[in-house]
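Number of protein chains: 2
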Amino acid sequence: MTQAASHYRGRRVLVTGGLGFIGSTLARALVAAGAHVTIADAMIPGCGGNPHNIQGIDDRVVVRLVDLRERSLLDDLVRGQDVIFNLAGKISHVDSMRDPDADLDNNCRAHLGLLEACRRVNPDTKVVYAGTRQVYGRPEYLPVDERHLVRPTDVNGINKAAGEAYHIVYNNAHGLRACSLRLTNVYGPRQLIDHSRQGFIGWFVRLAIEDAEIQIYGDGRQVRDFVYVDDAVDAFLLAGADDAANGQVLNVGGSEPIAHRDLVALLIDAAGTGRFTLVDWPSQRKAIDIGSFHADSTLIGQVLGWRPTTPLATGLARMVAFCREHWAHYVTNPGQAARL
Amino acid sequence: MTQAASHYRGRRVLVTGGLGFIGSTLARALVAAGAHVTIADAMIPGCGGNPHNIQGIDDRVVVRLVDLRERSLLDDLVRGQDVIFNLAGKISHVDSMRDPDADLDNNCRAHLGLLEACRRVNPDTKVVYAGTRQVYGRPEYLPVDERHLVRPTDVNGINKAAGEAYHIVYNNAHGLRACSLRLTNVYGPRQLIDHSRQGFIGWFVRLAIEDAEIQIYGDGRQVRDFVYVDDAVDAFLLAGADDAANGQVLNVGGSEPIAHRDLVALLIDAAGTGRFTLVDWPSQRKAIDIGSFHADSTLIGQVLGWRPTTPLATGLARMVAFCREHWAHYVTNPGQAARL
Chain C
1 MTQAASHYRG RRVLVTGGLG FIGSTLARAL VAAGAHVTIA DAMIPGCGGN PHNIQGIDDR
61 VVVRLVDLRE RSLLDDLVRG QDVIFNLAGK ISHVDSMRDP DADLDNNCRA HLGLLEACRR
121 VNPDTKVVYA GTRQVYGRPE YLPVDERHLV RPTDVNGINK AAGEAYHIVY NNAHGLRACS
181 LRLTNVYGPR QLIDHSRQGF IGWFVRLAIE DAEIQIYGDG RQVRDFVYVD DAVDAFLLAG
241 ADDAANGQVL NVGGSEPIAH RDLVALLIDA AGTGRFTLVD WPSQRKAIDI GSFHADSTLI
301 GQVLGWRPTT PLATGLARMV AFCREHWAHY VTNPGQAARL
Chain R
341 MTQAASHYRG RRVLVTGGLG FIGSTLARAL VAAGAHVTIA DAMIPGCGGN PHNIQGIDDR
401 VVVRLVDLRE RSLLDDLVRG QDVIFNLAGK ISHVDSMRDP DADLDNNCRA HLGLLEACRR
461 VNPDTKVVYA GTRQVYGRPE YLPVDERHLV RPTDVNGINK AAGEAYHIVY NNAHGLRACS
521 LRLTNVYGPR QLIDHSRQGF IGWFVRLAIE DAEIQIYGDG RQVRDFVYVD DAVDAFLLAG
581 ADDAANGQVL NVGGSEPIAH RDLVALLIDA AGTGRFTLVD WPSQRKAIDI GSFHADSTLI
641 GQVLGWRPTT PLATGLARMV AFCREHWAHY VTNPGQAARL
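For the record, the sequence lines run as chains C and R. When we follow this note's numbering, the leftmost residue of the first sequence carries the number 1, and every step to the right adds one. When we follow this note's numbering, the leftmost residue of the second sequence carries the number 341, and every step to the right adds one.
The following block holds chain C by itself, in its conformation from the complex (with noise of 0.2 Å):
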């Protein structure tokens, strides 16, 4: 765990989406080092909250099943804070094109009543938002920095960019202190594996384990990024530690950009089982795909110090050790992955 973590012995710490992926793995760590942690989840069906991430911590953490649209509880809910890690959110971006209303509330209006209730009763607070690399669409070069214009190609994405943008706006206009980190694609341990409507490296794993056939769309050598949840975590208590990263955007990559094609091979090697195919795209993925793509984390690096530690190699056979394990926390309809 990284240094940063000696910050946050004694201090109140809310994670919103704390019951999620990566907002309990947050808590975690968190816990470890100390914390007061409150975790807020709406627990929206499909998103990824899931009690059992909070196995072994549960009876240190004060859980409050929040929704972040309810204006009327926010106040109570960052009153005292010292530190807010704002995970919570939609991230499907096939979602957010079948029903964009519902996405611009969770990403847009939730975070618009957080920011103002800081204003009104934490003024001081330290605000870490995630942020996501979809905001920068198709990527004219790579691998990308944040001087790269932001273009979405879904209503996720534009969505997700006025959420980071509020929160910068809030640190300059109004006083508070808040950063945003644009996450490439995260994996680990607790992740969403049960559909796979909320990225594709929790369905190829799901499919890895059940031995299934994974899909690749096209020629399968587009270009990732992928950042174990550890190291995405050690950019959080980084940011959130340290007061210069106020009113920056941050990318948060991986060290090792790979073709969606040695990724699968790569997993399927960790898990011992699946096998995959590549199969044309569909047309809808088409409209919105974006390449290749991979980020440039040099900013971070001399901002906050962090740079990613895990192997992917290692990271994916953390992931399928552990789905394995906890498999029935995780998968509601086990076997039916290969026909949907």
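One should not assume that every hint holds.
[Claimed, not checked] Chain R regions said to be covered by chain C (calculated; three or more residues, Cβ under 8 Å): (1) 438-452; (2) 486-494; (3) 504-511.
Note that these hints are calculated values from the structure, not bench results. The structure presented is a predicted model; accordingly, all values stated were derived computationally and were not measured. Even for Gly, the Cβ is constructed at its ideal location relative to N, Cα and C.
Since the structure of chain C is provided, determine the placement of chain R on it from the hints.
For chain R alone, kept in the frame of chain C given last:
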């Protein structure tokens, strides 16, 4: 009027925000071009909608007092429209910082609803969105072209950027034909001059006519560019007529960047009344100020052949003359300007 006007003869055209300053001027041009014009306007107090704006064409347009936030009305509104000029929205930076929810509702949710309605009942229509240079925030270089990062300094800029981006995503992913014009400071007859929360130029004109003191923040050397409303309307007509604009975001800037103090001197000269003084920046204003700005409009010249043609002195003289002639229709609190 631009050559593009001939495109509209006999066509069905919807102008949202059509009782406002730019919308009504556009509607007048469309009526003159022989289009069947429907105006939709919510007449939200303080936003600039004014029945007097369509005086003289009110028997040749259909006016619907529709709020785009009213979802149940939108299918009927957009059905059968060949071109939709989507100018409805809130543009007050100050209001957006005081009531960010209202800004979000009007600038994001309303447009998502309109675009979804188009997708359902009129998927081949053309939509031209009124964007704003406000999305650029504080410029890193001048003149600002469309490659400049989008980094708004206020909630209004964030939500206007999201509204624009929805149009581009619906163009790219859903087959609508849509584009955005990023307007700089548009001025001219029918502009709101009743309060100061909607840009400074209307307010300055008001003060000059009332022979009151115009307060310029700082040293008055900040630069802006100004587009006469007829030139801006030409840009809309061109964009609505030409599929070369589809999926594009295009600056619509003025030809003559000018310092605030020089603008005010020109205005006082045009009006023959008024005076100005330099005052310190109010802190809340300073926090969202962007310094100097002027736009590079090269791209719209290349794509659509547009360029501004009205000299600032000419435009200001026309605006002052119009305001004096129609004073009672635009000023609800005459003589009080100097005391606000």
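*Among all the numbered hints in the text so far, which are the ones the structure does not match?*
none
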